[in-house]
Structure formats: C-alpha cells, structure tokens
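Based on the hints, put chain B in the right spot on chain A.
In case you want the letters, here they are:
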Amino acid sequence: MSHALRACQVASGDIMPELAPRGAYQSVPKNLRSEHCPLEPRACQADLHGPQTPIRFANSAGRYNPFYYAMVGAPLKIWPTMKGVVLARLISAARAAALLAAALVSVVSYSRYRFMLGALLFGATPIAINMAGAINPSGLEIAAGIAFFASAIPLLVGSAREHPPTWLVCVTVVSAVILVMVRSGGPIWLALGGLALLLPLTPRTVRQVLRPVAVRWGVLVLVVAGIASALWILIMKPGEIVGVSPFALLNRGQLFIGELMTWPSLTQQLVGITGWLDTAMWPPAYQFWQYPAAALLLVALLVGSGLDRVRLLVVVGGTIAAAAILDMSAVNKVGFWFAQGRYLLPTLSGALLLAAWIIERRGAITAAYARLSSRLAVVVTLPIQLHALQVTMARYQQGIPRSSPPPNLSSYNPLVGSWHPQVGSLLPLLCSVSGLVLLGVLCWRLAAGSARPSVTDHAEGVPGEGSDSSGRENLSGQPKLSAFGTAPAQ
Amino acid sequence: MESLSPGKPRKTGTSRAENGMSLLRLWLLAFVGFGLTIGAWSLALP
Numbered sequence: 005m006s007h008a009l010r011a012c013q014v015a016s017g018d019i020m021p022e023l024a025p026r027g028a029y030q031s032v033p034k035n036l037r038s039e040h041c042p043l044e045p046r047a048c049q050a051d052l053h054g055p056q057t058p059i060r061f062a063n064s065a066g067r068y069n070p071f072y073y074a075m076v077g078a079p080l081k082i083w084p085t086m087k088g089v090v091l092a093r094l095i096s097a098a099r100a101a102a103l104l105a106a107a108l109v110s111v112v113s114y115s116r117y118r119f120m121l122g123a124l125l126f127g128a129t130p131i132a133i134n135m136a137g138a139i140n141p142s143g144l145e146i147a148a149g150i151a152f153f154a155s156a157i158p159l160l161v162g163s164a165r166e167h168p169p170t171w172l173v174c175v176t177v178v179s180a181v182i183l184v185m186v187r188s189g190g191p192i193w194l195a196l197g198g199l200a201l202l203l204p205l206t207p208r209t210v211r212q213v214l215r216p217v218a219v220r221w222g223v224l225v226l227v228v229a230g231i232a233s234a235l236w237i238l239i240m241k242p243g244e245i246v247g248v249s250p251f252a253l254l255n256r257g258q259l260f261i262g263e264l265m266t267w268p269s270l271t272q273q274l275v276g277i278t279g280w281l282d283t284a285m286w287p288p289a290y291q292f293w294q295y296p297a298a299a300l301l302l303v304a305l306l307v308g309s310g311l312d313r314v315r316l317l318v319v320v321g322g323t324i325a326a327a328a329i330l331d332m333s334a335v336n337k338v339g340f341w342f343a344q345g346r347y348l349l350p351t352l353s354g355a356l357l358l359a360a361w362i363i364e365r366r367g368a369i370t371a372a373y374a375r376l377s378s379r380l381a382v383v384v385t386l387p388i389q390l391h392a393l394q395v396t397m398a399r400y401q402q403g404i405p406r407s408s409p410p411p412n413l414s415s416y417n418p419l420v421g422s423w424h425p426q427v428g429s430l431l432p433l434l435c436s437v438s439g440l441v442l443l444g445v446l447c448w449r450l451a452a453g454s455a456r457p458s459v460t461d462h463a464e465g466v467p468g469e470g471s472d473s474s475g476r477e478n479l480s481g482q483p484k485l486s487a488f489g490t491a492p493a494q
Numbered sequence: 053m054e055s056l057s058p059g060k061p062r063k064t065g066t067s068r069a070e071n072g073m074s075l076l077r078l079w080l081l082a083f084v085g086f087g088l089t090i091g092a093w094s095l096a097l098p
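Quick note, the sequences are listed as chains A and B, same order.
Numbering-wise (the working numbering), the first sequence opens with residue 5 and increments by one.
Numbering-wise (the working numbering), the second sequence opens with residue 53 and increments by one.
With the rest of the complex left out, here is chain A:
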C-alpha cells in the first residue's frame, strides 16, 4: 500500500515531502494504511473501512518520482477507499495495456515473420501483468521496457531506420520517457537498451539515426525527461535505502556468494512469485516459461553476428551486473537482499525481442517455424497467465495452503474463501479469460499472416545483403505486411 499512499500524497499536491530516514513523511487518510497478512487470507484486515482522519508517518515510497503517481493518484484523493484504489489500479492497467498494445503493433508491422510475437508473449510474464494491474510503477516500467525494445529495434537497427513513421517514433519516445521517469533504475535500463541498439556507437551511426526530423524532436524530449529524472534522483535520493542491518557486515566474498544464491529465486520471480512475494504457481509452469525464453537467447547467441552477440551481452549481462551490484551494495545496510526478479524485466523482456529479431534477421528460422513458434507461445503463456491469477486469488481468499493437513483441490479454488474482492471473485476471472481469449485469437491469426515472401527486410550475413561498413544493416526496402484479418491463412 505504500505506493497507493504515495499516489494519494502526490494527488494532494505534496510532491516533494520532507525526507525521513526511510522514505519520506506524509499525511494520508488513516484507513489507507494496511499491513500484509502473512500466510493468512486478506480477511485478516478490514477493507480500508476505518476512519479517514489524516495521520503523518514515514512512507518507504515517499521519495519516489511523482511522474507515475500523478497519473493514478486522483481517484485516491477523491475516494480514499477501496473504490479509489481500484480506480487508480484501472488507470495504471490501461496505461500498461496501451504500451503493450503498441508493442504488439510494432512487432506485427516490422517483425519479418512475426517471430517476435512469441517473444512479446514470453516477455510479458505473469508478474509483469500482475504489477501492471496494481498501484506500482514496476508494471508500467516493464510495459514501457517492452514497448521501447519493440519499437526501437526497427527504428534504430531495423527496416524503419531510413523513413520511420511518426507513430513508431512516438511509441519509442513515450516508452523511453516513461522508462526513464517512473523508477530510479529506469535510466540504467534505458541506457543499456539504447547503447545496445546504437552499437557500433560511431558518429556515422548517430548521424544516421538522427536524420529524420521526428527522431531529433524525440531525442530532445527524452533529454529533457532524462534531466528531470536525474535531478529528482540527486535531490530526493529515492534509491537510498537506509536501515539497520540485523546481521554482521558481510565481506566481499560473502556478498558475492550470497548474491549468487539469490538467483534461483530471482529467476522464478522473473516469471511470477505473486501475492506478498509468497505465492508460487505449479512448479512446471516456471520451466515451461523459462526454457523457451532461455532457448531464444541461446539460439540468438549461436546464430547472431559478433555485433548481435555484443548487443545481447550489453542488455542481458549489463542488466544482471547492474542488479547484482545494486543488491550487494544495499544488503549490509538493510539486512536482506532487496532485488526482485521483476526489477530486471524492463530489459530482460526486451532482450527476448532482440533475440527473436536477431534470429529472424540471420535467416535462422523459416516462416513456417516462426508461425508455429508464435502459436506455441500462445498455447504456453496464456494458460499460465490465468493460472497465476487463480493461485493468487486463492492465496488472498484462503491464505497459503498448509502442509498439514495436505492441501486439496479446494485450497486452490479462486471462488471460495473468507475474503473476496469488492466486485466478487467471478468477475476478475471472467475478465481475465475474456482478455486472454481475445489476445490468443488475435496472436494466432496474426501469426498466420506472418509468412510473407514479399518482405524485403534482408537477412544479415548473406553476401550483398548484410551490414554496411559501420556494421549496421544496409536495408533497401520496407516490409510489406498484410493488414490484420486480410492475410491468407497459411
């Protein structure tokens, strides 16, 4: 709830609050404060029905950039109850959905065989969808990361570089601005993504990218946003974690080993440990998600050029290194490993799109296999999305299943329990099923239109069709893609 409180505070005009040792001080309606219910159903707490008298306290999210919170805070200011919370969440959900939809349009427009469609579905993991539906900047950040890579790949290194349409530039700039503004780690993720896609970073490369007027305006907007974000970070220090560690200080070796030991958990969290970081899906769901994603990266490394490999290394290696360094630098202050898998998703999800693009560009996949892969992604990812919601709802409504007596089927029934969402338990499930079916049908049909022999986005590595002297693709044309619904079934 710390994010909801920050949103309420920003909507009240208290944008730069007085700093506290942990976070910043703020005054919000007392009923908005709620605590977690470890192991128990959400019924352990009243549903924000208490008195709305203001109280002043130190909010751990109080220093965060107001950019995200200003977008979702108004309903909380007007209705500091569950109604306001749900409305604020729906605003947040709509913004993330808009970005993911823009990413899909970009992928469909520029992915040679629409192989990137499957990568998009694997990039939007259950925890990304979960966070996007909550009051938390993390979900918007991940959606922005996915939209940034989906649009920046064709814009900076793909077939749209010479004559980019305005909408593509807009998607890239908007997603980049959101990425750089919503969380303090955003500038790092944007720098990694931008650097990877601009390699080799020569004056000629920069001139080529900046040739279209729309791109120059976009860069100007991004620079202003970057300066604003940097000033906020310098003044408010949102990344400063201050606490008293209950442990003895760890030396460098212990930090390194300890960090390594967090990764089995982090890789699960990339897919989705939901609830209050205490709710897991059926274990094979993680493997069904992780193995194809890892295979995508490995195949891209295998078939990619040297430059492709460096790009992937910058994005994936840079993300892991940055997260590990930040985590190790904080643990002696706060006494726990604070990094969560979702923090890494803005760039790691983008890396999947980059990998799919590399595989397509190197001609390492045929149209038929690309179509099959995208449809396989639909079959694998969408049911797991529903499963994540089901186990999470069961957790909130019934608590964590105990080992004794052993859980049975009803322990995972999302329709029963001592607590229910305000709209009931059936409506969220119906919404999820409707959305997933629509996405499934959409992606299935789009995959059918993916094999287009008229695509002129030449593969790299083919004599006469590869890179120019700067190492960038020398593209002579644009993809000819069919409109949705009019492409012939394959």
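Simulated from the structure, these hints should not be mistaken for laboratory data.
Using N, Cα and C, we set each Cβ at its ideal position, and we do this for glycine too.
Errors might be hidden in some of the hints.
Unchecked claim - Cβ-Cβ distance ranges computed for the label pairs, FRET-style: (1) A:Leu380 <-> B:Leu76: 50 to 60 Å; (2) A:Asn255 <-> B:Leu76: 56 to 66 Å; (3) B:Leu76 <-> A:Gly310: 38 to 48 Å.
Using the frame of chain A, we list chain B on its own:
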C-alpha cells in the same frame, strides 16, 4: 489483398489513411485484450 508499409511514405492520402486505420484497429484489439487481462488483476487484488 490490402497491404501495409508502415515505415514507408505512401503515395496517396487514401492509402495512408487505410494504413493508419488498420494499425489503429489492431492497437485497439490488442489494448482491449491486454486491458482485460491486466484489469482482472486490478479487480482481484486486495
């Protein structure tokens, strides 16, 4: 068969409009799909 060249300047205003409408329709469908999927979480969370 209708075709799109999203990255290439089109010759006529009509084809640009068709192109834009197809992309907009696709975006709207995807927006509703993602919106319902994400919105379900908004309704279900405590």
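Okay, the hints, checked on the actual structure:
Judged by the Cβ atoms, the range 50 to 60 Å given for Leu380 of chain A and Leu76 of chain B is violated: they are separated by roughly 29 Å. Between Asn255 of chain A and Leu76 of chain B the beta carbon distance is about 58 Å. The supplied range of 56 to 66 Å therefore holds. Taken as a hint, the range 38 to 48 Å holds for the pair Leu76 of chain B and Gly310 of chain A, whose Cβ atoms sit roughly 40 Å apart.
The structure is inconsistent with hint 1 alone, although it conforms to all the rest.
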